[in-house]
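*Asks:* Residue numbers (this note's numbering), protein chains in the order written: chain A, 1 to 274; chain B, 275 to 664.
One or more hints might be untrue.
To be verified - Here are the computed lysine to any residue pairs in the SDA-like style, where the Cα-Cα straight-line distance is at most 25 Å:
1. A:K175 to B:H383
2. A:K55 to B:H383
3. A:K7 to A:D90
Claimed, not checked - Cβ-to-Cβ under 10 Å is the rule here; a few derived chain B residues that face chain A:
4. A360
5. E363
6. A581
7. F617
8. S655
No wet-lab data here; the hints were simulated from the structure.
Small disclaimer: the values here were computed from a predicted structure and weren't measured.
No residue lacks a Cβ here, since even glycine has one placed at the ideal position from N, Cα and C.
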Amino acid sequence: MWEYTDKVKDHFLNPRNVGFIDDFDGLGEVGSLACGDALKLTFKLDPDGRIADAKFQTFGCASAIASSSALTEIIKGMTLDEASKVTNEDIAEYLGGLPKEKMHCSVMGRDAMEKAIAFYRGEAEKKIDGEIVCECFGVTDRQIERAVKENGLTSIEEVTDYVKAGGGCENCHDKIQFIIDKVLGNAPRAARKPEALTNIQKIKMIDATLEREIKPALNQDGGDIELVDVDGNRVLVKLRGTCASCSKSQITLKHYVETKLKDLVSQDLVVEEV
Amino acid sequence: MNGTIYVDNNATTRVAPEVLEAMLPYFSDFYGNPSSMHTFGGSVGSKVREARAQVARLLGALPEEILFTSCGTESDSTAIYAAVRANPEKKHIITTRVEHPAVKNLVEHLGKNGYRVTFVPVDRNGRLDLETLYRSLSDETAIVSVMWANNETGTVFPVEEIARKVNARGIVFHTDAVQAVGKIPINLADSAINMLSLSGHKLHAPKGIGVLYLRKGTKYAPFLMGGHQEGGRRAGTENTASIIGMGRAAQLAIDSMQDENTRVKALRDKLESELLKRVPASMVNGDPENRLPNTTSIAFEYVEGEAILLLMDQHGICASSGSACTSGSLEPSHVLRAMGVPFTAAHGSIRYSLSIYNTEEEIDFIIEKMPPIIERLRQMSPFWQQAQRA
Numbered sequence: 001m002w003e004y005t006d007k008v009k010d011h012f013l014n015p016r017n018v019g020f021i022d023d024f025d026g027l028g029e030v031g032s033l034a035c036g037d038a039l040k041l042t043f044k045l046d047p048d049g050r051i052a053d054a055k056f057q058t059f060g061c062a063s064a065i066a067s068s069s070a071l072t073e074i075i076k077g078m079t080l081d082e083a084s085k086v087t088n089e090d091i092a093e094y095l096g097g098l099p100k101e102k103m104h105c106s107v108m109g110r111d112a113m114e115k116a117i118a119f120y121r122g123e124a125e126k127k128i129d130g131e132i133v134c135e136c137f138g139v140t141d142r143q144i145e146r147a148v149k150e151n152g153l154t155s156i157e158e159v160t161d162y163v164k165a166g167g168g169c170e171n172c173h174d175k176i177q178f179i180i181d182k183v184l185g186n187a188p189r190a191a192r193k194p195e196a197l198t199n200i201q202k203i204k205m206i207d208a209t210l211e212r213e214i215k216p217a218l219n220q221d222g223g224d225i226e227l228v229d230v231d232g233n234r235v236l237v238k239l240r241g242t243c244a245s246c247s248k249s250q251i252t253l254k255h256y257v258e259t260k261l262k263d264l265v266s267q268d269l270v271v272e273e274v
Numbered sequence: 275m276n277g278t279i280y281v282d283n284n285a286t287t288r289v290a291p292e293v294l295e296a297m298l299p300y301f302s303d304f305y306g307n308p309s310s311m312h313t314f315g316g317s318v319g320s321k322v323r324e325a326r327a328q329v330a331r332l333l334g335a336l337p338e339e340i341l342f343t344s345c346g347t348e349s350d351s352t353a354i355y356a357a358v359r360a361n362p363e364k365k366h367i368i369t370t371r372v373e374h375p376a377v378k379n380l381v382e383h384l385g386k387n388g389y390r391v392t393f394v395p396v397d398r399n400g401r402l403d404l405e406t407l408y409r410s411l412s413d414e415t416a417i418v419s420v421m422w423a424n425n426e427t428g429t430v431f432p433v434e435e436i437a438r439k440v441n442a443r444g445i446v447f448h449t450d451a452v453q454a455v456g457k458i459p460i461n462l463a464d465s466a467i468n469m470l471s472l473s474g475h476k477l478h479a480p481k482g483i484g485v486l487y488l489r490k491g492t493k494y495a496p497f498l499m500g501g502h503q504e505g506g507r508r509a510g511t512e513n514t515a516s517i518i519g520m521g522r523a524a525q526l527a528i529d530s531m532q533d534e535n536t537r538v539k540a541l542r543d544k545l546e547s548e549l550l551k552r553v554p555a556s557m558v559n560g561d562p563e564n565r566l567p568n569t570t571s572i573a574f575e576y577v578e579g580e581a582i583l584l585l586m587d588q589h590g591i592c593a594s595s596g597s598a599c600t601s602g603s604l605e606p607s608h609v610l611r612a613m614g615v616p617f618t619a620a621h622g623s624i625r626y627s628l629s630i631y632n633t634e635e636e637i638d639f640i641i642e643k644m645p646p647i648i649e650r651l652r653q654m655s656p657f658w659q660q661a662q663r664a
């Protein structure tokens, strides 16, 4: 049995905004029966261009229904610019978290929102971006790349949890690993240098990796990171900007910064905030 | 109605009160080791012998053909490894596309390690393609393993007939009978089946006890090695209390076989026909002719199984689903997919599996609660309205 939060259970048992707005301004449809979940989202704007009403129809499990319900609650009252910035993490967070195997439900909500906005703006239905990697669930390399970047994913399993890719016949696992490595800037695994680093080499490499690989990504979200000290294998850092106040900063630190430093510098490193 | 309505007996069953009662003294009072030389341990040994005879009687087997194991999965692994080890030159295995993971995953593993595996397909009703099975038999075949009854649909396979044909070719035949034993009469006395697996907790014995039937004269190599227990065929100190419970459960199963195949079957039939009548766009998965008396798998189209189960849970009704979301995998049940059940139906399939403890009142309660649950989810489903318009 899944460990759902009370919020997920509440939004599943008492879903908000079920239905279809006949005179909708925006309509977004994602998913399919074959995939096991699907969401049809409609919204109506008020004269100020804010979302006056949003409704959903969902086929899927409890967390798919709860994510859809949460999405409609989140976006009501938002401008389309604001709504377009809603991420799958926002949906998951609104629900007090989702089991990791169910993160794709929140991604589905985000995707439906994007489609509905594109529909309103008259942007031609975007062709499926990129090349299909996962045949079982029709997931493209671009979608995988995006999920890896936005959520700091580091394993095939996590990619499957977020966008389903790799969850069927598993034939695409090599391709998914390739994309993960590319995004994380990993050298091909075999090429990693095994020799021990001197302290000074280690500090230089950590600093260079932070500058080149990590800061630019954090800067995009208005955050920043500063290297304070390196004590043996402990990397002491300070988070700045939005990162400093972000509730997910520990996740960023462990999942993203630490993983990256482990991959690019040394597997023994541990990152700590000071 | 209060409390729990349990119709998930293919997942596990309640330990029968008689079984628990038989077991309890063997934890605290008679805790001796049956292998010991003293009377204290030896008296437990005689109870283990009695249990072995009780299980043998349920199967129509000889006591020496019964090995106690830790679970159905261990019995399956033991059987399949015994056959491949006894025939090291034979590198071919035949099984079906609808086996339980205990067989499926093991055979797939062997498939990646030097074995050629034939997975026999099933038709839309879950019936085996026997022609393909027989055509695949070769001098290379080490073992044929076919489940007696399918855990998801309850479909019963003609294992006796298959065993005779396989045996006639000198090939070992194993059946995973975990779902069949205790629910339908089995008599191995005149059978060509070499090995059969069963699991205690599917027939009101506790979890953690299994049985492997090993027909006399079948080539065998132990899976667990160590002490001399079970005649040197399965090492490890006997799980005495559970073995004694298993024996009592076997005896109860003989006594309740009639009830299972009349009253329980009638309750199952009522549940099934009423749900089909009251819920539009619903259908039965599996072979309605050859089926366990306690099981029905019903597909409710355009809704998803996990959501159905959680709404049933609100009423205390416990069942299972073949949907992807319940398993943590993303694909719906391999059994339903092998049968070619369309995705519209596979994701919304619910398995109800009854036991002798279910009452008509409970079944009526389920019949009353299911239609509004399905209706409520369909009102939310974009596909239901599309289907209505079409």
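*Asks:* Work down the list of hints and note, for each, if the structure agrees.
*Replies:* Structure-based check of each hint:
{"no.": "1", "hint": "A:K175 to B:H383", "result": "holds (23 Å)"}
{"no.": "2", "hint": "A:K55 to B:H383", "result": "violated (47 Å)"}
{"no.": "3", "hint": "A:K7 to A:D90", "result": "holds (14 Å)"}
{"no.": "4", "hint": "A360", "result": "violated (32 Å)"}
{"no.": "5", "hint": "E363", "result": "violated (31 Å)"}
{"no.": "6", "hint": "A581", "result": "holds (5 Å)"}
{"no.": "7", "hint": "F617", "result": "holds (4 Å)"}
{"no.": "8", "hint": "S655", "result": "holds (4 Å)"}
Hint compliance for this structure: hints 2, 4 and 5 are not met, and every other hint is.
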